[in-house]
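Visitor: For reference, the chains in residue letters:
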Amino acid sequence: MQASDTPIIRLEGVKKVFHTDEVETHAVADVRCEIPRGQYVCIAGPSGSGKTTLLSLIGLLDTPTAGTYLLDGREVSRLSATQRARVRNERIGFVFQSFNLIGDLTVAENIELPLTYRAMPAAERRRRVESALERVGMSHRARHLPAQLSGGQQQRVAVARAVAGEPLLLLADEPTGNLDSRNGDAVMGLLRELHRSGTTIVMVTHNPEYARQAERTIHLFDGRVVEEGGHA
Amino acid sequence: MRNLFRDVRLALRMLIKTPGYSLVSIVMLAFAIGACTAIFSAINLVLLRPLPYEEPDELVVVLEDRPGFERMAVSYQNFLDYRARNTTLAALATTGFHLMTMTGAGGEEAAEKLLIEMESHDYLAMLGVEPVLGRLFLPEEDLPHGPRSLLLSHAFWTRRFAADPAIVGRELTLDGRPWTVVGVLPPEHRAFFPFHAAIPIGTRADESLFTDREVRTQSFTVGRMKPDTTLAQVQADFDAIGEGLRRDYPEQVGASRPQVVPFQQELARDYRTTLLLLVGAVGCVLLIAAANVANLTLERAMARRRELSIRAALGADRSRLVGQLLVESVLLALVAGGLGMLVAVWGVGLIRASMPFDFIFALNGTVEIDRQVLAFTLAVALGTGILFGVAPALFASREPLAQVLKDADHHASAGSQHLRARDLLVVVEVALALVLTIGAVLATRSLSAVQQSDPGFDPDDVVAAMVSLPADRYETAADIQQFWTELQRRVAAIPGIVGVSLSSGLPGYIGSAYEPFYPLGASRTPDQALMATIQHVDVGFLELVKIPLLAGRTFGPQDTIGPAVVVIDEQLADKLFPGQNPVGKHLQDRLSKQPSVEIVGVVGHIKQEGLDTPERTPYQVYYSYQQLSLEAYQAQGFGITMYLLARGASDPQPLAPQIREAAAAIDAHDPTLGIERLAAGLERSLKPRQLAVKMLTMFAGAALLLAAIGLYAVMANAVAQRTRELGVRMALGAQPGAVVALVVRQGMTLVVVGLLVGAVAALASTRLMTRLLTEEVAAADPRTYSAVALVLAIVGLLATFIPARRAARIDPMVALRHE
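Just so you know, the protein sequences line up as chains Y and X, in that order.
Residue numbering for the first sequence follows full-length UniProt numbering, starting at 1 and increasing by one per position.
Residue numbering for the second sequence follows full-length UniProt numbering, starting at 1 and increasing by one per position.
Chain X with its partners taken away, still in its complex shape (with noise of 0.2 angstroms):
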């Protein structure tokens, strides 16, 4: 200990005599540490850090997929099946999200939109969430006509009640009915929504949504495996149960089969491959940072090989001699590390400002710098340390003993091998920089083709305000449609406004529903179903976000009332009527009840699930709004919700107030829950794809510096070692211009290999970044190859004429005195 003290002391004195040598060392990795903290910090949230429930890996979801149509979420109805027919987990439990309105409650206060919980009654006792006040469900609370419990969330309870703690067998009033409190969770319970309530959601099991078992809401199905239990038999055991359902119900069941999975694992799965490749890039910009920082170790090592064989001579063997080295580079790596935090702060920020919303967010929070976080970088530091310390330690104490009774000056002489290493972290960095810098431009290549592609309408000047009824107060469907027609109405008479309409879900980011639709003639199976985004859109929505008409007509005020209508896009068209024209054709659907529905109209298919989403479907329906029952508006999942939408002259974001006030000044219940422009949405879906593509830019760019400074220190050591022999030559009569091209020449032959080698480990990488990349750009892409590696060569040509001009100014007097 106290020879790491005195080791310690030493190496501190050591780095502050050399002063430009620690704070280039520092600079370098303390960006390159924090960079990778940052990452880390992702990292750390969505793929390390387990999920705020009990025993976290013993969670896992069921989906199921069908040929062309994977990862649904399962019926409620296969999920009672689930339940009640497999061996392998201790549980089964399913959770969705609806919107209710609490009216009555909590004094004078107005009426509030709940967004609510609806769970099976073993889902929290599943999670080993246990309340704070009160009770969970029982089973007898989950069913159609069972008692109406209800469970508050911490932050409700706090904020609406003043956490009242006789809340428990209080009566509140959601949707016009009564719902009876029997507990409150605690305030460390998570959901996939910032909730405000929970319900049993068997209490709506008697509705169409619930019964079909082809109704799909948007829910999560969880199990907790069994002890000793395995994913695959897990597995095994759902296939049987689903090749049971097939054969039980083979008209809905169909080719379905179910998949388990890690919970975890299925949270982060868009995330996965991007963290990783991410986290392969900052990797390459740590190792550069670390080539360069063990270069100009190495160099200052081998100036230090005196003091060292000093000190072998007096007893210290190898292991103490690279020791004392070590503490140095491990210090100079913490201290690094210290300041590396900085760097990660502002990257964590970086990152949170451009995290879109997602489930993995809402269970298990922000990026932050949280005690892995630091473990991490700690160990990154002390990693480091040693990884650009212990080369350079091992080939200093390894000179000869005997140098230490010669007077020789040591600073000049280099060992063949000491320069081969020096020449291979050169040839390294600059093949990594070629690797992070292709395949960044690759990358921003791919969102600038994502960012410039038609999303097939125009969401310019275009707000959408969502809105949400209260059931409760439109009991029938003229109810609804009268508050619609009546919105529509004001908004429109807003100056400024020159178009309005409604739809069910936005064009480009929300509200995407799948239904089944099945050919003229087919049976109705899934085998047989092509599934399809669905909207419900009012007379003018078509022109107001201006999806293109092919043929046909969009829906008018003919297609108010009669049997449903649809209007399909062209993609559907030409998969169902190849080379036809599909207008006054007809198709099986499910949600009309009616045998089959009439194409009025074709249109342009659109971006429907965002510019950078991958479609789980390329076809797309439209239904007249005004043609739904009641039941099918209920059978959205989010009760009477639509979004109004405004085209201005002009941006019309401005106008967002007087839009509420519109909605407000029929309904008092103010049922607008957030307006924004449609573009912004749209613009959302790029969020992860513009972060990633951010930190590669950045990651290639700080690789370059990096390369450019390494290949620089070393070329200006190079001319330093050889200025004898450069003063002899110039003595001799060579020119500037011959000086100049001999170190010219030594640096860019380390470029040229550095490039070759980065070539073939891009095309062997970029392969792993194809989610990042557009059809438009090619992995092995020859004209991103070619730019990029010129630009490395100038850069490099540039890092070695420095050096090579000093060496061109060499006076050979001077030189020859030199030793």
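Chain Y extracted, bound-state conformation (with noise of 0.2 angstroms):
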């Protein structure tokens, strides 16, 4: 068990480097920082800044080529593939800007999917996935495909899919981008509400309304940190 004054999250001298050809591309570079428990962070910069490469690295789906990461005050950085998964499992929650949802697995085993993953009891699972679809709004659609719903409908599945498995931290990328306005606010209340219950979350977005929902900005210039700034 952590000490609670523990960052969630804690990266120090960070980089990924890209290497195509003869190019070599510094997608993060030197990056420090440090999340606190329980903060709702946003991550904004033009396109290309790094904000998705550093989201990947924060969610352990890729590793940085210098660096040292703490989550949770665990060196996670040059973890093997296999324990990735298993933190990235058990730790961590993930809302994609295209919903990512399996099309072949109906709403329940899709929130169900990453839960399988762990030794946990029938059970346990089926209570959980009824807890996370409530959570949501989303009972009603438990049997459905994904095909059958809407682009509203679809993210708020994925946030309860993130959930379900009860995250240290839940990460998002451009939540709301294929979602037009209104569902796009729906999805925004369930983060804050999730970010009221504790959850520490980390979002990128374009959107500066949504970004000044966040605690925190960090913004991205080239794979630097170039400004960080807390909302009222």
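Hints are supplied without guarantee of correctness; some may be wrong.
Taking CB as the label site, the calculated pair distances span [what the hints assert, rightly or not]: (1) Y/Pro-46 with X/Leu-705: 49 to 59 angstroms; (2) Y/Gly-151 with X/Leu-350: 51 to 61 angstroms; (3) X/Leu-732 with Y/Pro-46: 50 to 60 angstroms.
Partial list, derived from the structure: chain Y residues whose beta carbon lies under 7 angstroms from chain X [stated by the list, open to error]: (4) Ala-85; (5) Arg-91; (6) Phe-94; (7) Leu-113; (8) Pro-114; (9) His-219.
The hints are simulated quantities; they were obtained by calculation from the structure and are not laboratory data.
For every residue, glycine included, the Cβ atom is placed at its ideal position computed from N, Cα and C.
Combine the two chains into a complex, taking the hints into account.
Guide: Below, the structure written as structure tokens:
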């Protein structure tokens, strides 16, 4: 158990370099930052500034070329692929811009999917799925396939999937990018609600209005943190 | 377990969602797995299924080799010495066969020809057989003047004596003498022939057939190794005994040496190479099918990379992703395996219909789908599922996870390693198809050469009736000859019959007996002997079957009495009298008991042992049967059995009932055992080769088709993936012809590489099939290689051209909007 004042995320000199043919691209360069438990953070910046790459590193979808990443006090930047998969599954929830629901699984099965990767009893999985569906107001659609839902509904299911595992950290990559304003507002409302219940959220967005809903914004430019600011 | 259940459920859902992929994959795999199963059923029967005896691995067969003549049966006298002198076998026994006639038994029923298993008293005990009634033979019954004891087979006891439990102790009359039933054998006991009863071989041990160390009857000398004894130790033991026998009996044993071989290996000897060749061929078909499905699966898995990335992002590690994909491929293969059983049932029927009579089949039963075969099919299906599933699963599951955060279209892109794997699979398919097709063409050409080869005689319009006389009713040579003369007279009188004669064996397939001959003046030792097949024939036989007379004369009425004369074939003439006319010259033999026999004629060499059976000796000698003593008749091993040959003006087979009636009119015991066309027997020797060629051709056709499908699928996919690129090229002014050329060049490059690899592989592998090739057909025949490569190239061109033409019809505007 970590002390409650230990930051959820601590990045020290994190770099990510991509090599293509003879070109070396520094997608993320020497990023240092800390995100305390329960904070709602927005990562902002122009296209190509490294937002998504940074989110991939925080979400353990990718590994840094250099630097240290402590997740809840534990160094995770050198974990094996299998260990990273386990940490992702147990501690991180994802909400993607394009929802990323699996078309061949029902709503309930999509939400249950990350839980099946843990040795969790079926009854507990069912309870969590029902609870998550209720939380996002999608219980009546449990047996539908994603293709039978609207974009907003799909994203609510994606949020339910992200929170069903009761993650330490919720990562959202342009969660409203493919939604109209009404559905976008609804999803952002869900995130606010999750934040209020204590979930740490890191979100990438282009939308300044949604960015202002976060407690803090990290601005990236050319892979570097150029500015940090809090919101009222 | 729950995970597996969920994976299976999801896999089923995914397979149903893509019916085209599933159906094509299942059909290809079902054929290949079914073909594998059918071939395995034959392998299982011949090579794997243990002989139906106790501890069959301990059983060995003793044979004797002499220079120029190998694999001889052991003479009875040698058998007795081997049995007495060896120290490495727990038991050594012998068994052979004999025809006898039972009369006056089973109530009012007529006389019956019985196939008798002659065996040393310890033969059945050595095999672990226990009687269901009574007992086995005793040592004192295995002697020339011992009590005549009889064991009945279960089937014969049931049929002829209604399973009478009081049969033990009853006397039956065989060949006019009383034999006492001492026991009934169990129903599961199998022998080389479906015999009716068994007698101790020792009861005949005073006949010349058994007293002459040089006479080798059709028999098996079977031993059981002592526990913890190796085959090499037994061989060394027998080598020493053979040395002693050569010292003790230099004139009879000479250069003969004993060979000890595992029983099952000896029985399977003629089939091992062909079966292993077919295993290789069907393995190629399975590999091609698996490569095709692997390619389809790879494309499908690559199209699912986004889904896999999502799963990975949610916490599935790579093994979990690979496991999910493997469940799908294994499930597909298991369904294919189930359907493949239908193909296997058909294949097994085909094999069964082509199985010749052989001891291994008599002992081990027929080709069938039993538990071992089912287990094999399950294993092959599982293995195939993993084989074609694992590479695509590994490829698709190693995509960078961060892709999941990008919204790009994952369907269109394909990594270079994925493309290389795809191309490699096509190259392998083409190469394997070339190897198989070349093999099939070479084998077909060899079959054709064998079929068209001249047997040295004319079997058309000739039927042969096997006629066996009961020894008790024909005690003198005169009695016997009177029967044959009368039978020939009656058959010759049947309208439509234009010629009749007799022979102790049938040219082309039955009744080969081997005898030693010695040049005049040479010592009569085995080292000097030339082994030759012999036939006892009547006047007119050589003319009836049209064996050409090359010098001298054939047998005539003058050869019915007086000193024996012989007609020899051209090869023995060339060997003994090179550049000379052998007519009037003499050679020494064993059979006539004369100092020498005169050669009165030279005839052409015939394929005595069948069109497709390797000759054990290149020499052939004919005796006049009318000059034989009764003892010599009996020395043929099957009692007084001859073949009556009748030539018709046209096919005389419909006259078979009249021939049988003619024999029954002379001897009420209906001595005719069977009548068939001479040509049918000759063709029977081709059955194993015909089956092998049929299978090889089928596999090659399947390989060709599968390779074409594989190439087409790859090219069609490549065109689909290059739609945008091709659209850009056309927008920039590329002509449709240029686009076609571009695609065809890509496909044909794979075909040409595959052909080159395949040609090298074929050169290496066709050497393994020399057993199936005749001397007219070289394993590296350049014409065959070129022709097959050309056919494959044309098939490849067609498979490439269809997607290429589709590529040329791409609308640039549509293509540019594609992404």
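Visitor: Run through the hints listed earlier and report the numbers of any the structure violates, in increasing order.
Guide: 3, 5, 9
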